[in-house]
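Participant: What follows is the residue order along each chain.
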Amino acid sequence: MAYFVKRIVNSILLLLLTVSFVFLAGRLIGDPALNMLGPGASDLALEKLRQAAGLNDPLWQQYFRYIGNLLQGDFGVSYRFGFSVLPSEDLAAIGQPVVAIVLERLPATFLLAAVALGLAVPLGVLMGVAAAANPRSAIDRLVSAIALAGVSIVQFWLGLMLIVLFAVQLGWLPTGGYGDARHVILPALTLAARPIGRIAQITRSAMLDELSKPYVVTGRAKGLSEGRIVFLHALRNAAVPIITMIGDELSALLTGAILVEKIFAWPGIGLLIIDSLSRSDLPLIQASIAVVAALVVLVNLLVDLAYRVVNPRIRLGQGG
Amino acid sequence: MPADPSLSRVGIDVGVGLAESRQARFSVADYARAVVQDKITLLAVVFLVFLALFSVGAEILAPFPPTGLNLADRMLPPGAIGSKGAFYLLGTDELGRDLFSRLIYGARVSVSVGVLGAVVSCALGVTTGLTAGYFGGLYEDIIMRLVDGMLSLPSLLVALFVLFVLGGGYVNLILVFSVLHWMVFCRLSRGLALDARSATYVQAARTLGASRLRIVFRHILPNVMAPIIVLFTLEIAILILSEASLSFLGFGVQPPDPSWGLMIADGREHIRSAWWLVTFPGLAIFLTALSLNLVANWVRAVTDPVQRWRWLTGH
Amino acid sequence: MTKSSSVVGTATVAAAAAAIVISALAVQAEPSRGTLVVAVNQEPQDLAAQGAYKEINAPGLRNVLETLIAVDPVSGEFIPVLATAWERIDGNTLRFTIRDGVTFHDGTDMTAEAVAESISWVWSAENAFTIQEYAGPGEITAVAIDDATVEVRSSEPDPLLEFRLSLNGISSPTQLAEDPARHFDTPIGTGPYAFVEWQHGQYWSATYNPDWWGLSANDAYGTSTPAFSDLKFVFRSEDAARVAMVESGEAQLAMFPSADDCARGMDAEGFNCVTGPSTTYLYGRLDHSLHADERLADPRIREAVFSAIDIAGIVDLYGMASVPPGQLGPKGTIGFNDAVKPYAYDLEHAMALLDEARADGVDVDGLEIEIVGRDTTPRIKPIVEALGAMLGMAGIGTDIKVQTPAEFNPRVRITGYSNEPGRQMMQVHVKQNPSGDYGLLLLSNYACPNIDDPTGPSRSSVYCDEAFDAKLFEALASFGEERGERMRELVQYVHDRHLIVPLALLDRGHLVEAGLEFTFGTDHRIQAVYLKPDA
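For the protein sequence lines, the chains are D, Z and U, in the order given.
For the record, in the first sequence the residue sitting at position 280 is 1016 according to the working numbering, with numbers rising by one throughout.
For the record, in the second sequence the residue sitting at position 157 is 1620 according to the working numbering, with numbers rising by one throughout.
For the record, in the third sequence the residue sitting at position 518 is 520 according to the working numbering, with numbers rising by one throughout.
Treat the hints with caution; some may be incorrect.
[Said to hold, decoys possible] Over the 10 Å line for every Cβ pair with chain Z, so calculated as not near, a few chain U residues:
1) Gly78
2) Gly251
3) Phe475
[Stated by the list, open to error] Okay, the calculated bits of chain U under chain Z, using three or more residues with CB under 8 Å as the criterion:
4) 165–176
5) 233–245
6) 313–324
7) 389–401
Treat the hints as calculated values from the structure; they're not laboratory data.
In this text, a Cβ means the ideal position worked out from N, Cα and C, and glycines have one as well.
Chain D extracted, bound-state conformation:
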């Protein structure tokens, strides 16, 4: 139990460090007000933004205020609506809380990640099992080839190619955007390519390990059906590394979504990050990075804990 507590405390500390790093690094790029408003801004507008956002205070004050607000779930307000305009001295009255903007985008990213994972897990596991059950066969070779291709391909390039083929040439699917079920197919497929490969690879090797174990031989000798052996016994025993890999790929999906969302104009948090970077909307950048980092850290934490629960052979506390 102490391990769990330690692990959680570590994760929180890590997030705090990340947020601090993002805050301080964000100030290295120069005057946030000028970056945000651009060279076209008048002195008056700059000064108003600085005042409203508290940018005139000493950095340490801003930092502690930021962390303090953050602990209360307040990430500040986006400069977005304050871009040209600060009719009120009170930015909070005009700007949109960034946390609301980020939360608004999360469901789209979750949906995309869920569909991608929903494609990748059954496909990857089935492919891996099929390959392991028929080692060195044509199936095995095919699965290995697909898996290798999946991990070697450039995601955004695959996305571009899929758009040209399925949306433009064939006209079967929309080119991008958010809407009915047809919209999610291409981005999810693009995002799933890599996890399919990774999951197939790990399933294959874990299953090969299992299928060479004595209990399988015994099972066969007892006349159990091959399907029963493979799916009921071997796959269950091979589940631990596969689940670990799935967790790993889930956190990779959350960041991989940045490029895929851009290519497919999918209004998730990845697109938001790209937009906020190109607009230098510092509060929004800080919040969206913090939220994604928190999600990834959370996923990693859960996977790690689940791993140790599922597999008691691992001595708790080992490895820090």
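Given the coordinates of chain D, work out where chains Z and U should sit on it, guided by the hints.
Facilitator: Chains Z and U alone, transformed into the frame defined by chain D:
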């Protein structure tokens, strides 16, 4: 079963090769023959050798300069003959530059970012990992806590942000990759060092009075190279893919350096009228990553005590 | 730009002939078609009334928010919108007769008071909205002098006041009083479409306004009555994605197709590409007076740089553009100088000039000119790469960069360089000049900026010349023929000094579904009443 969940990322078993590392010895010729017999791996190796040659000798091997301007020969399709009789194997881009030559120079940029990034992170990670694993104590605790922490961060996102702050470019890209990728090497080599601590050859060296650093770098390191080489190869592939992604987003290599990711980004605008501009750089990245993965798989197989015998003896 | 010069003095404009023809069509009818989907290149920063001044701020906003007067896309003349007539009182003052019986989308009446309040709000110096980039010499305020008349005053004489009043949207003052925060994301105007929602990251939409005044007025603008039941402006930053949307029928209109895609659209089934000139110009500004490398003050070096640039080649590379007439403003602009010719492309001449400078001991070979563009500028990368290669052919060293706004914007201002070694930069950038007058062009590009206050209109200028500035300010305050004469002289003056090289006058294209006739002017506004479906 991997002893450590993170190692499953690279599919490496920590125990690989240790038990038998001092036993069956195979000559270089055995390895060479094994490569030749495995046709696909052979193809991958040949591709990588050509890639390395082209990267190093781009000035000599590329038929045209990668930059410059030739407005008369804009957007010619693959195999076209240009206005002055020039032959363009893979066509030209919108400034009339030969795509094949740009791919060659782009290989230099993309591959060197991948290799240098992997070299630096490997050096950093292996040094800290082996010493942490062998020395143990508070030092190990601190290093491994750092590793755990950094590994659980989304690295592409952090890279994006850091490059946004620092500005993109070749050097920054390598720096960022080194800082964000050493942890996998560290975790792997720590595990290897932990196992090696009780190995007979280490105990022998210890009784002979070798210093701790000497044991780590002269005795342990040469014996655990195989899994590190596998990881190193895979990391190059991962870094080349990351470079492409970051350059595509505009945060990586800056023009006029022709990186593959940047070439895809540039060609995207013409994807319908000049398909070759996007297709070939994408294929180049794909084939490179694929070859590296194949080679890594092969190295893993031949260094695996169970599989090695079969691979090297051809049975 | 074909817009004729605005007439000074009394300019009560009767409804344009075209508008009368249209009024015959203006019968009250339900829209015949469903949703018009427009693929736009970026999400707006906000949908505030002030943002209506530039279409690029928030494409389509003018369907919701209307102006007092507008520029007719065909004739280039001012036409009545929410004002039925207007009159010049003096150099500082315009008087507008407000259209009767117009209501805002929130149901409140558009009174003269409401109009005056909205104008004063948008142009207030205190608010410092981005519309100030088109501000005149004085601050603009408005008052209602009776139920039907609004008087707009500029604190300084302003020859272009009509132009400025064709820019700002008129929005509901009730909203400003009751819920000012919503002013920025929920526009309430008087237009043929009423705002519905803004889904961040996806689209904003509007729906047909059956109470629109234009349905019963005999001088309504547009080439058709609103034909679509709804409008949807979908944000797609990827060029290829916008094009694909029109090709696949997901959208009826797409902004900013590339020259390739436009060419394909010309002979494609199902959609067309329509192009037209814009008031946007692409230019290269070579450092000159402030913190500049002293070699750049050498007229031979400057001329050599300009002679090494193949402007026709750049135009060709850009795609949809034409060769600029050696100056930043197009023909028809007040102050346009016919005698000025484009800088000639002459590589040998460039090299000879450099040799001459070399012979005089100038370190020509040590030059490394930074050619910098901002990544938000369309097609900027091939342009700066080509410029680098062109200067390279003349033997001039270059370092090319495409930067994000965060990197680029601070470098535009010359402030902050006093501690650095002399800068050798050529900024490659686009600007717009919709005013039809050289005043803004000269002021923003050539007047000496105030180093201590880097926010003035000339903040991005790199040129300091007292004699020029004195003449410019005289010209800016003058009216009529005298104004044109003074400006023409200055255009020649800056041309001779090789300060800025005009690289291209940009055309803009739109991909449009076949069967839709799209009418637009140099401002390329996307308004449903200018989209006419085939019968």
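Participant: Determine for every hint whether it applies to the structure shown.
Facilitator: Do the hints match the structure? See the list:
For U:Gly78, the requirement that its beta carbon stay farther than 10 Å from each beta carbon of chain Z is met, with the minimum near 32 Å. With a least beta-carbon separation of about 16 Å from chain Z, U:Gly251 lies farther than 10 Å from that chain, consistent with its non-interface assignment. Residue-level check passed: U:Phe475 sits 39 Å from the nearest beta carbon of chain Z, beyond 10 Å. Under the rule that three or more residues need a Cβ within less than 8 Å of chain Z, the assignment of the segment 165–176 of chain U is violated, with 0 such residues.
Three residues within the 8 Å Cβ limit are the bar, and the segment 233–245 of chain U against chain Z gives 4, so the coverage statement holds. Note: the segment 313–324 of chain U has 3 residues with beta-carbon separation from chain Z under 8 Å; the three-residue rule is met and the coverage holds. For the segment 389–401 of chain U, the stated coverage by chain Z holds: 5 residues have a C-beta nearer than 8 Å to a C-beta of that chain, and at least 3 were required.
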